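Chemist: Protein chains in written order, with my numbering: chain Y, 1 to 285; chain E, 1 to 313.
Quick caveat, the hints were computed from the structure, so don't treat them as lab data.
Remember, predicted model here, so these are calculated numbers, not experimental data.
Backbone N, C-alpha and C define an ideal beta-carbon position, used for all residues, glycine too.
Any given hint might turn out to be false.
What the hints assert, rightly or not - List time: in silico DSS-like cross-link candidates among lysine-lysine, alpha-carbon distance up to 27 Å:
{"hint": "1", "chain 1": "E", "residue 1": "K60", "chain 2": "E", "residue 2": "K24"}
{"hint": "2", "chain 1": "Y", "residue 1": "K5", "chain 2": "Y", "residue 2": "K72"}
{"hint": "3", "chain 1": "E", "residue 1": "K48", "chain 2": "Y", "residue 2": "K5"}
{"hint": "4", "chain 1": "Y", "residue 1": "K2", "chain 2": "E", "residue 2": "K166"}
{"hint": "5", "chain 1": "Y", "residue 1": "K2", "chain 2": "E", "residue 2": "K246"}
{"hint": "6", "chain 1": "E", "residue 1": "K93", "chain 2": "E", "residue 2": "K166"}
{"hint": "7", "chain 1": "E", "residue 1": "K24", "chain 2": "E", "residue 2": "K246"}
{"hint": "8", "chain 1": "Y", "residue 1": "K137", "chain 2": "Y", "residue 2": "K72"}
{"hint": "9", "chain 1": "Y", "residue 1": "K192", "chain 2": "Y", "residue 2": "K137"}
As the list claims (entries may be wrong) - Partial chain E-side listing against chain Y, Cβ under 8 Å, derived:
{"hint": "10", "residue": "S75"}
{"hint": "11", "residue": "Q84"}
{"hint": "12", "residue": "D303"}
As the list claims (entries may be wrong) - Among the chain Y residues that face chain E by a calculated CB cut under 10 Å, a handful are:
{"hint": "13", "residue": "S135"}
{"hint": "14", "residue": "A209"}
{"hint": "15", "residue": "Y211"}
{"hint": "16", "residue": "I213"}
{"hint": "17", "residue": "K216"}
{"hint": "18", "residue": "H217"}
{"hint": "19", "residue": "L228"}
{"hint": "20", "residue": "V233"}
These are the residues of each chain, in order.
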Amino acid sequence: MKNYKTIVLSNQEISPGYFRMRLLTPGFSEHARPGQFLMMRVQRSLPPLLRRPFGIFRTGFMPGDCEGMEPKEYTEILYKVVGRGTSIMADLHRGDRVEVLGPLGRGFDAGDPGREKILVGGGIGLVPLYMLADSLKPAGSVRLLMGGRTRDDILAVTEFERLGVETYVSTDDGSLGEEGFVTQVLERKLTKYPRAMVYACGPMPMLDAVYRICRKHSVPLQVSLEALMACGVGACLGCVVKGAGHTEETPRYLCSCKEGPVFRAEQLEWTRLGLEDGYCEGCKS
Amino acid sequence: MQERRCTESGRPDLSVDIAGIHLKNPVMPASGTFGYGEEYAPYLDVEKIGAIVTKGLSLKPKAGNPTPRIAETISGMLNAIGLQNVGVDDFVKYKLPFLREVNTPVIANFFGNTLTEYGEVAKRLSDIPEIAGVELNISCPNVKKGGIVFGTDPAAAAEVVTLVRKNLSKPLIVKLTPNVTDITVIARAVEEAGADAISCINTLTGMAVDVNTRRPRLANRTGGLSGPAIRPVALRMVHQVVQAVKVPVIGVGGIVRPMDAIEFLIVGARAVQVGTANFVDPQAMITIIEGIEEFLIDEGLDDIDQLIGSLEL
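My request is simple: use the sequences and hints to build the entire structure.
Modeler: Structure below.
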């Protein structure tokens with residue numbers, strides 16, 4: 001965990017409204033675990049005031065610009081332009097200065113090696129699944145079910161394929177892959193692989209449907225949640241979610257930034273999770 | 001007045017005394033923005049700050065408000081956390097061990113749901129030797145019971161301060177709300193009732209609406225506004241309170257940069273609290289401390305006392 005005062009190495013639009021940003025982060029990758037996130041200070045002047053949370057897509061090394069130069073250690077995020085903060089980010093160029101706090105939060109558990117691994121990503125929710133796929137792949141087969149509204153929401157699938165991950169794409173409008181929800185694909189896969197375990201990240205209605213399907217098939221589920229947060233380190237308590245057993249009389253809140261953002265399904269109070277809790281697809285700011 | 005001089009290193013003396021609590025410099029976090037200290041320990045040297053002010057403590061653990069609890073606004077943020085905290089007993093058990101090892105004073109912020117609870121928490125905090133002083137919260141805008149109810153009426157404010165004073169053997173700082181017509185009336189009331197110091201201000205009650213859903217952006221509907229957006233209001237109120245009372249005043253509200261803190265010191269605050277800025281930059285307090293020191297050097301001052309209250313009118 002560190003606050004990096006760093007620079008942008010590259011920032012490209014990879015699909016309409018979706019960007020991939022590469023940041024120079026020496027020493028970051030040895031600490032970063034699949035499912036963790038970072039908080040980015042978009043610019044030094046105001047507004048925006050608060051940092052923005054982003055899932056870590058991957059870390060790596062790129063060769064130096066000239067022969068003999070040291071390779072550069074980088075961290076990559078994918079983000080959707082949805083508001084003021086991400087609009088400013090979309091205008092950043094190579095060499096621009098940003099601040100990054102991370103890696104933060106608890107990531108995914110690798111889980112039982114004997115089980116089939118099924119990853120479910122909805123739109124920008126795909127982000128934390130890449131490092132997970134990379135870490136799970138050596139132990140066996142990994143399948144990615146990727147869903148979006150249209151083909152524009154389907155990101156980075158070829159990069160998963162390059163890892164050797166079997167990918168299945170579905171779009172609501174049928175513009176890419178199968179027409180329909182990713183959860184329909186999940187239902188079929190769980191019928192075929194009853195000893196699977198599922199890892200999911202995406203909009204709350206999708207996670208809710210994934211939870212119900214996994215419960216029906218009695219397979220373990222881990223979800224990565226997105227929440228509004230100010231600090232990212234457990235101090236502000238702005239990002240809490242309802243934990244298992246939460247009621248109005250006996251509230252039980254869990255901190256998404258510190259106790260999450262990845263939770264085992266049984267840690268959460270699903271009957272009371274919902275859109276009114278402020279979840280968003282991607283960072284809605 | 002005690003004679004002051006430059007420190008041995010030749011650097012200006014930044015130390016201040018707040019109601020008998022000796023601070024190596026006048027910068028501390030605002031309650032609720034720094035957890036119980038350990039959350040930010042990986043990101044800054046907590047021993048470098050003047051004091052640690054804890055998250056507000058209550059007699060029993062408190063779950064806080066439903067979500068969403070925060071919303072960003074222009075140069076500020078609204079929060080309606082609702083005083084979520086572990087409660088005073090778990091604080092002692094789980095949070096104090098970290099604070100005990102830190103070489104900087106600990107100020108415990110606390111509140112109660114009822115007058116009796118305020119007294120009971122004060123009593124328990126009194127028994128904890130590692131706590132240098134307490135900050136009494138009579139100003140949270142986000143809870144129905146306690147909080148702001150005691151802070152907006154001078155008689156109620158005096159009553160709770162009198163009771164706490166009776167149950168407490170430590171320096172008592174009282175944190176005031178800006179959500180009143182005349183903050184000096186409340187300030188004088190708490191001073192007369194036994195406050196050793198005053199911190200002002202807490203957040204300003206505000207609201208934000210999602211125009212797409214036409215719903216409030218906070219589940220609580222309203223929240224407390226903090227951040228740079230409130231600084232001029234806070235500065236004005238600190239200026240007024242400094243004129244109205246004799247006890248030391250701690251300035252709070254939208255301090256982000258060293259110059260912001262220096263403004264508060266010039267109008268007479270003897271110390272400052274940094275809140276929202278911690279979320280944006282975990283090093284903010286360190287930068288502010290260093291900036292104050294540089295300012296003193298640039299101005300040829302060897303003691304922060306020469307800066308405090310130096311406002312020219």
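Chemist: Compare the structure with the hints numbered earlier in the document and write down the numbers of the violated ones, lowest to highest.
Modeler: As far as the earlier hints go, 1, 4, 5, 12, 13, 14, 15, 16, 17, 18 are violated by this structure, in ascending order.
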